[in-house]
Amino acid sequence: MRPHLLILLIALLTGCATILNGGSNGMEIGSDPSEATVFVNGNQRGTTPFSYSYDPADGTEVMFELRKNGYKPTTFSMRPKMDNGVLFADAMLLGIPYIADRMSPALYEMRVGSYRANLYKEVDNDLQRFLIPVASVVLAMGDRPDPGTLKSAPIKVGKDGLFQDLSYVDGLSNGILGGLRDSWMDARTVRTGTTKGDEMVQRAKLILVPEVERIHATLTGERRKVFGPIELTMRWKFMAHSTSDSVLFERRTTTTYDVPGDQADQALSDALRHAARRLLEDPELPSAVATAYGAGLALSKGSTIELRTPLPIPFDGRKDMLAALVKAVVTIQTERGHGSGFLIANDGYLLTNHHVVEKESMVKVKFEQGFTLDAQVVKTNPDFDLALLKVQASDLPALSIGNDAGLMLGEEIFAIGTPMETSLGQSVSRGILSGRRDLEGRNYLQTDVSINPGNSGGPLIDETGKVVGVATMKISGKGLEGLGFGVPISVALQELNIVLAP
Amino acid sequence: MKKRIAIIAFLAVCASTTTLRAQWGIRYILPQTETVTQAGLGDLWLIGLGADFDLSDRTSCGVDLIFDTNWNDYGKDRRSTTTTYYGSSAYYSEKLKVYGLQYRSQFHFSDNDRTSVYVGSTLGIRYLRQTVTGDVYTNSSSNSGNYDTVIASGNGVLVPIGLRLGLRGGLEGGYADLYVGVGYALGSSGSLANAPYIDDRSEVSPLNLQIGLALGFGR
Chain A
1 MRPHLLILLI ALLTGCATIL NGGSNGMEIG SDPSEATVFV NGNQRGTTPF
51 SYSYDPADGT EVMFELRKNG YKPTTFSMRP KMDNGVLFAD AMLLGIPYIA
101 DRMSPALYEM RVGSYRANLY KEVDNDLQRF LIPVASVVLA MGDRPDPGTL
151 KSAPIKVGKD GLFQDLSYVD GLSNGILGGL RDSWMDARTV RTGTTKGDEM
201 VQRAKLILVP EVERIHATLT GERRKVFGPI ELTMRWKFMA HSTSDSVLFE
251 RRTTTTYDVP GDQADQALSD ALRHAARRLL EDPELPSAVA TAYGAGLALS
301 KGSTIELRTP LPIPFDGRKD MLAALVKAVV TIQTERGHGS GFLIANDGYL
351 LTNHHVVEKE SMVKVKFEQG FTLDAQVVKT NPDFDLALLK VQASDLPALS
401 IGNDAGLMLG EEIFAIGTPM ETSLGQSVSR GILSGRRDLE GRNYLQTDVS
451 INPGNSGGPL IDETGKVVGV ATMKISGKGL EGLGFGVPIS VALQELNIVL
501 AP
Chain B
1 MKKRIAIIAF LAVCASTTTL RAQWGIRYIL PQTETVTQAG LGDLWLIGLG
51 ADFDLSDRTS CGVDLIFDTN WNDYGKDRRS TTTTYYGSSA YYSEKLKVYG
101 LQYRSQFHFS DNDRTSVYVG STLGIRYLRQ TVTGDVYTNS SSNSGNYDTV
151 IASGNGVLVP IGLRLGLRGG LEGGYADLYV GVGYALGSSG SLANAPYIDD
201 RSEVSPLNLQ IGLALGFGR
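Protein chains in written order, with my numbering: chain A, 1 to 502; chain B, 1 to 219.
Hints are not guaranteed to be accurate.
As the list claims (entries may be wrong) - Partial chain A-side listing against chain B, Cβ under 10 Å, derived: (1) 55; (2) 59; (3) 61; (4) 62; (5) 91; (6) 93; (7) 94; (8) 95; (9) 96; (10) 102; (11) 107; (12) 218.
Simulated from the structure, these hints should not be mistaken for lab results. Think of the CB as a built atom: it goes at the ideal place given N, C-alpha and C, for glycine as much as any other residue.
Could you build the full structure based on these sequences and the hints that come with them?
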């Protein structure tokens, strides 16, 4: 071989990555908790901690999946980067070695030397669900927050800084909501200061206020793809109201989230999602929330809800009265069954029994007109078996509130409800006021009107077409007939602290 | 011989599969000045057409076809400063036609899907044709003291190998490339045309300097 050809051959060969680079293409994969099974591109490869070496020789992205019993599988992908030193040498040699190098695993290196994946426990679907509004994130990091570094340079806070989210705290709530999604905590974001947000906070039994106490990130990479840990110290305040003195209990979490190559402005949101997920794993949290929810419920009774007196439903006389009134009576559907309810305000507030909705926070409401809407349980009073619901609608027909105190014995009473089956919706039955009873310290209207399973929560209506009670229970047994009871409407409004404004 | 052809064919297939996967663009070289002769930068202006391929986030390659802008028949007027031709000076006009093909390979210091600085190597070939039309003062015994018109021409081939430093935009959409290059030209030397009276500036330069601007569009 001629000498110059030999020199050229040596130059080209020494340019090849396989020779220049002994293979720094490995990555240590860990998991929290450890001993998770590692799958690489669908193939089982080992358990964490696991040493992975990039083996596809084409620079393609590698999909990792970690599985562990009792935990949700987690997946992440990583596209290796090319060794810049080798690429430089290749370019200087007219790019010729690159032809061979791009088919060699040695050209590629993983973007991080180690990566720790976070495994989250499977959500227990049997736990009671709670509707909890999540208020805007509070930043309690002091006047001069120091959120960490990117490639040793301090991370700037502000609109053009790396963690842009810190300037838009409403956006941070979305990360937290992502972490709480599909769990027993039915979390919703609320923006206080808005009509809808304030209304939701007012109705809430428990509010979650997340507070960021400390962020410490040590990131590498570029803005578009960052790696490294973000430590977050969070204080989770569970409050009865949005006022600072109503904290029922709180939790503090310190979590470390390893950013797997997100966009820099996405990283903080993901770290918050991770922190929220870790909060859910607190084994004592469900019972603490349940207790606080009950306390919040009691407190919520204290807050007055002011409703507008509904416009009367027009009808010509007794003949078409009930046909008109059934439009304001609904069937309430839950996972366990159904009950009845009725509108008391044109903007979608409904009354029913507590035992109809029980622990549900959202139920379906079917109207006589055929449509179905979601209703939120605004307030319940288990002692008096009452619940106030709200559907997002306006201009609905609602029943006028009657004077139950003026009702005379023997006076005619109508019940409207959905007995037995939902197909029997808005069934009307007739009876009389049989008496006024005090059962265990609670006032009831006794009536012989037919009250059957499914009628619960429906209205008791007087001869003038006004609601005088909420059908609640009946006493049944062999040889017993016509012993129905309803909560007087005045008691219902009082126990749910509802005020009707003119 | 067959073995060599097989190796070249193999490399060509590898290269084509590499570039086929790449993002690419077409560039117009508008213009490039280059020191083919010793007249220096700015004396010869070239334009051309080229192609760019981004092989990875940090590497790219390309090939350019260039030619001179010496459109007219006369070329540049020069005056020899030498007195080597019969002890007298000569006036001459020189026309240099240049056709070139250049391959380049580049390393970008940041991701090349956006504007990036790069450094690279170049390998090219230049075909040159030099035509010199001289008004030469002859002082022979038969024809003393006259200026004669003498036309001489010659061809040459140069193989410049060099380094290039540039600033290029991402290939997607429109892009620009501003570059400077320095290299050594193997091959012909001295004067291509048989005209011993011509000035050094018209002789081939072994030092190859380039400054150019290219505009392109890609996907």
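Status of the residue 102(A) interface restraint (C-beta, 10 Å, chain B)
Because about 6 Å separates residue 102(A) from the closest Cβ in chain B, which is inside the 10 Å limit, the hint holds.
Tell me if the interface restraint on residue 96(A) is satisfied: Cβ within less than 10 Å of some Cβ in chain B.
8 Å, holds
Is the hint on residue 91(A) kept, meaning its closest Cβ partner in chain B is under 10 Å away?
4 Å, holds
Quick one, is the residue 59(A) hint okay against chain B at 10 Å, beta carbons?
7 Å, holds
Chain B contact restraint on residue 95(A) - CB to CB distance below 10 Å:
3 Å, holds
Interface hint status, residue 61(A) versus chain B (Cβ within 10 Å)
For residue 61(A), the interface hint is violated, since the closest Cβ of chain B sits about 14 Å away, which is over 10 Å.
Is the shortest C-beta separation between residue 94(A) and chain B less than 10 Å?
5 Å, holds
Please verify that hint: residue 107(A), Cβ, nearest Cβ of chain B, below 10 Å or not.
Cβ of residue 107(A) sits 9 Å from chain B, so the hint holds.
Chain B contact restraint on residue 55(A) - CB to CB distance below 10 Å:
19 Å, violated
Interface hint for residue 93(A), Cβ within 10 Å of any Cβ on chain B
Residue 93(A) check passes; min Cβ-Cβ to chain B is 7 Å, inside 10 Å.
Against chain B, run the beta carbon of residue 218(A) and see if the smallest gap drops under 10 Å.
23 Å, violated
Residue 62(A) was flagged as interface toward chain B. Is the shortest Cβ-Cβ separation under 10 Å?
Status violated, d = 17 Å.
When each numbered hint is compared with the structure, violations occur for hints 1, 3, 4, 12.
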